[in-house]
Amino acid sequence: MGAVIHRRRLLAVAIAAVLAPRAAPAQPARRVARIGIIATSAAVNPGSGGTPADRTPPAALLRGLSDLGYVHGRDFVTEARSSEGVVARIPAIVAELVGLKVDVIVAPGPALPALRDARTTIPIVMAGSGADPVKAGFVASLARPGGAFTGMSLLSSELYKKRLELLIEIVPRVSRIAVLRGPGSESDWQETEAAAPLLQKKFLSLEVKSANDIERAFQTAREWHADALLVMAGALLDREARQVVARAAAQRLPAVYSFRNFYMDEGGLLSYGVDLADVWRRAAAYVDKILKGARPADLPVEQPTKFDMVINLKTARALGLTIPPSVLLRADHVIE
156 MGAVIHRRRL
166 LAVAIAAVLA
176 PRAAPAQPAR
186 RVARIGIIAT
196 SAAVNPGSGG
206 TPADRTPPAA
216 LLRGLSDLGY
226 VHGRDFVTEA
236 RSSEGVVARI
246 PAIVAELVGL
256 KVDVIVAPGP
266 ALPALRDART
276 TIPIVMAGSG
286 ADPVKAGFVA
296 SLARPGGAFT
306 GMSLLSSELY
316 KKRLELLIEI
326 VPRVSRIAVL
336 RGPGSESDWQ
346 ETEAAAPLLQ
356 KKFLSLEVKS
366 ANDIERAFQT
376 AREWHADALL
386 VMAGALLDRE
396 ARQVVARAAA
406 QRLPAVYSFR
416 NFYMDEGGLL
426 SYGVDLADVW
436 RRAAAYVDKI
446 LKGARPADLP
456 VEQPTKFDMV
466 INLKTARALG
476 LTIPPSVLLR
486 ADHVIE
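In the working numbering, the protein residues as written are 156 to 491.
It should be emphasised that the hints constitute simulated quantities derived from the structure, not laboratory data.
Errors might be hidden in some of the hints.
SDA-like mimics (lysine to any residue), calculated; alpha carbons at most 20 Å apart, straight line [as the list claims (entries may be wrong)]:
| no. | residue 1 | residue 2 |
| --- | --- | --- |
| 1 | K316 | K444 |
| 2 | K357 | P409 |
| 3 | K444 | D287 |
| 4 | K290 | G254 |
| 5 | K364 | K447 |
| 6 | K469 | D487 |
| 7 | K444 | V187 |
| 8 | K461 | K444 |
| 9 | K364 | S330 |
| 10 | K317 | R485 |
| 11 | K317 | D287 |
| 12 | K447 | G228 |
| 13 | K290 | P459 |
| 14 | K317 | K447 |
| 15 | K317 | G228 |
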């Protein structure tokens, strides 16, 4: 009888052990991705790693990731760095991010040559390549990039002729157009210079290497009797947009810009090109695919299909210009 009771007790203990709630197995810690961000003109917030300042185009990347369900701090953190308009600082920023072994780097056109030269295997998402990405050696082809680069092209060089044509429509009597450009703009200048005979205008290259050169460049434009101004996109000039727009207004020079970003909020007259904030937002889709295992070599490079024309009527009135109705009808945004 005692043996039976003993067996029953053992069975009860065994059953209790099976039915007792078990401690949940330890869950693996969620992997938090590290996204490197290079800003060349925009600011970043201070603090560990930094994040893009809220109103800058790179900040749109974070909004794009949020739209895809990513939560900052839970799913990813950023390592954001800005060259603050100084192109010479970019190689050091690239070296730093490569050394941190981030999972992916998102960068605009001015930073891409330094990333190419670094020969890193870290996936790189182009937040707009101003140069032809194939000619520049970033990708083997648009359809099959074949390396570490993918993302978006801006078709910048191909749009300068269109910008000049719009400027001439607004100021039909213009004959001398000064071209303000920063470091790394040689190919864009060559494309623009080639359009001079077709447009039957004279162009003057005003290359600046630092913010201190901008005043001298405008003085040269005045001495050359420039009628209008074309401002080429670039890290330095985008960073100095307020100064550029102010000096153009002081000399009463009608000016056309590559992007509404930076310049039109400062009172620029006319811009034609892509919305950089939208480009950075769309870069989030590339980051998402890469973090999920896609190779940049297999992700086709996108080319822009929509270009916005923005006109500032207040600036036009200050310059004594009447914008032709045909131009106003084609504008995507009109600033009163």
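Can the restraint linking K317 and G228 be considered satisfied, given a maximum Cα separation of 20 Å?
Answer violated: K317 to G228 is near 43 Å, above 20 Å.
Decide if the proposed pair is consistent with the structure: K444 and D287, CA atoms, cutoff 20 Å inclusive.
violated (23 Å)
Restraint status (C-alpha distance of K469 to D487 at most 20 Å):
holds (16 Å)
Just to be careful, I want the Cα atoms of K316 and K444 compared with a cutoff of 20 Å; is the pair within it?
violated (35 Å)
Given the hint that K364 pairs with S330, test it: the Cα-Cα distance must not exceed 20 Å.
With a Cα-Cα distance of about 26 Å, the restraint between K364 and S330 is violated, given a limit of 20 Å.
Given the hint that K290 pairs with G254, test it: the Cα-Cα distance must not exceed 20 Å.
violated (28 Å)
Pair hint K317 and D287, alpha-carbon separation not exceeding 20 Å
holds (17 Å)
K461 paired with K444 [C-alpha distance capped at 20 Å]:
violated (23 Å)
Keeping to a limit of 20 Å between CA atoms, is the pair of K447 and G228 held or broken?
Judged against 20 Å, a Cα distance of about 18 Å means the pair holds.
Can you confirm whether the C-alpha distance between K364 and K447 stays at or below 20 Å?
violated (41 Å)
Need the status of pair K290, P459: alpha-carbon distance at most 20 Å?
holds (18 Å)
Agreement of K357 and P409 with the hint, judged by alpha carbon distance not exceeding 20 Å
Distance ~15 Å between K357 and P409 Cα, so the pair holds.
Of the numbered hints stated above, those contradicted by the structure are hints 1, 3, 4, 5, 8, 9, 14, 15, listed in ascending order.
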